[in-house]
Amino acid sequence: EEQAESVLCVKPAVLVYRLPPRASNRGYRAAEWQLDQPAWSGRMRITAKGKMAFIKLEDKTSGELFAQAPVEQFPSVAVESVTDSSRYFVVRIEDGNGRRAFIGVGFVDRGDAFDFNVALQDHFKWVRQQSKLAKQAENPEQEPKLDLRFKEGETIKLNIANMKKKEGAAGSPRPYPVGPRGLSLLPPPPSGKSAPVCSSGGQPTPAQLPGTPITDSVLSWPQPAAAPSTSAADIWGDFAKASGSSSPQAQANTGWVQF
1 EEQAESVLCV KPAVLVYRLP PRASNRGYRA AEWQLDQPAW SGRMRITAKG KMAFIKLEDK
61 TSGELFAQAP VEQFPSVAVE SVTDSSRYFV VRIEDGNGRR AFIGVGFVDR GDAFDFNVAL
121 QDHFKWVRQQ SKLAKQAENP EQEPKLDLRF KEGETIKLNI ANMKKKEGAA GSPRPYPVGP
181 RGLSLLPPPP SGKSAPVCSS GGQPTPAQLP GTPITDSVLS WPQPAAAPST SAADIWGDFA
241 KASGSSSPQA QANTGWVQF
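Residue 192 in UniProt numbering is what sits at position 192 of the sequence shown, and the numbering runs on without skipping anything.
These are computed hints drawn from the structure, not numbers from a lab. Each residue gets a CB set at the ideal place from its N, CA and C atoms; glycine is no exception. Treat the hints with care, as some may be off.
Claimed, not checked - SDA-like cross-link-like pairs, simulated, lysine to any residue; straight-line CA separation at most 20 Å:
#: 1; residue 1: Lys56; residue 2: Asp109
#: 2; residue 1: Lys11; residue 2: Leu35
#: 3; residue 1: Lys60; residue 2: Val82
#: 4; residue 1: Lys56; residue 2: Glu5
#: 5; residue 1: Lys125; residue 2: Leu35
#: 6; residue 1: Lys125; residue 2: Val7
#: 7; residue 1: Lys49; residue 2: Ile93
#: 8; residue 1: Lys125; residue 2: Glu5
#: 9; residue 1: Lys49; residue 2: Ala67
#: 10; residue 1: Lys60; residue 2: Asp122
#: 11; residue 1: Lys60; residue 2: Ser41
#: 12; residue 1: Lys125; residue 2: Ser81
#: 13; residue 1: Lys11; residue 2: Ser41
#: 14; residue 1: Lys49; residue 2: Gln129
#: 15; residue 1: Lys11; residue 2: Glu58
#: 16; residue 1: Lys51; residue 2: Asp109
#: 17; residue 1: Lys56; residue 2: Glu94
#: 18; residue 1: Lys51; residue 2: Pro75
#: 19; residue 1: Lys56; residue 2: Ala39
#: 20; residue 1: Lys51; residue 2: Val77
#: 21; residue 1: Lys132; residue 2: Gly50
#: 22; residue 1: Lys49; residue 2: Val91
#: 23; residue 1: Lys56; residue 2: Asp122
Said to hold, decoys possible - What follows is a list of derived Cβ distance ranges for each label pair:
#: 24; residue 1: Pro21; residue 2: Val108; range: 24 to 30 Å
#: 25; residue 1: Pro12; residue 2: Leu148; range: 47 to 53 Å
#: 26; residue 1: Ser6; residue 2: Gly98; range: 22 to 28 Å
#: 27; residue 1: Gly98; residue 2: Pro38; range: 23 to 29 Å
#: 28; residue 1: Lys49; residue 2: Lys157; range: 37 to 43 Å
#: 29; residue 1: Lys49; residue 2: Pro21; range: 32 to 38 Å
#: 30; residue 1: Ala4; residue 2: Gly111; range: 26 to 32 Å
Work out the full structure, taking the sequences as your base and the hints as a guide.
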């Protein structure tokens, strides 16, 4: 059965450089490639077919294939990063006759280089996962089973915060209503009848029954205070009478002057 080919990434602008011979075994450096003189420019398409990935360099207008680099795993010698930049890579291309060559590939935008790198990483991560699942399907007994049971003597503790106590529960007494002057009122008696309220005279006022009009017979009106006696109110009466009955001679003797 022929496998379908999927497109992983497309970049419209890519530059290709000729690689000079390496003087030593150290890594590639993009500064040695004459970056202002690319050998070719076009677009890049990364495709996947089964476990293999393919880096295809194509013409922007016609889509004609310029070069192709098959990648069996990543990272590998098929795709290498340079040591002095994150926008340039060394890619191993192949033709249909088995010939191979290394070229330098660069991106104008750093974000395009990042997408190129991530596309290859994601594909081969998926390949490793598929291989692992296939091995597990072949030998299901070799995979250790996950045991989530409690061991002997093992306990678990749950901390549940912000739990509201029910009204009337133990430890949370219901507050009494507050009177007009900030005084707490006592709760009504168990029978449901209201307690008698004392009047200003000190006598309790009987509670009014439903449907009973308020009359003088059921109210204890305060009695007016007794008027003070004449003798107590007029304490200067005798003095005035005494002064009125005295003779002019007595006034002259005592030194009092009558006005």
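Return the numbers of the hints above that this structure violates; sort them in rising order. 3, 5, 10, 16, 28
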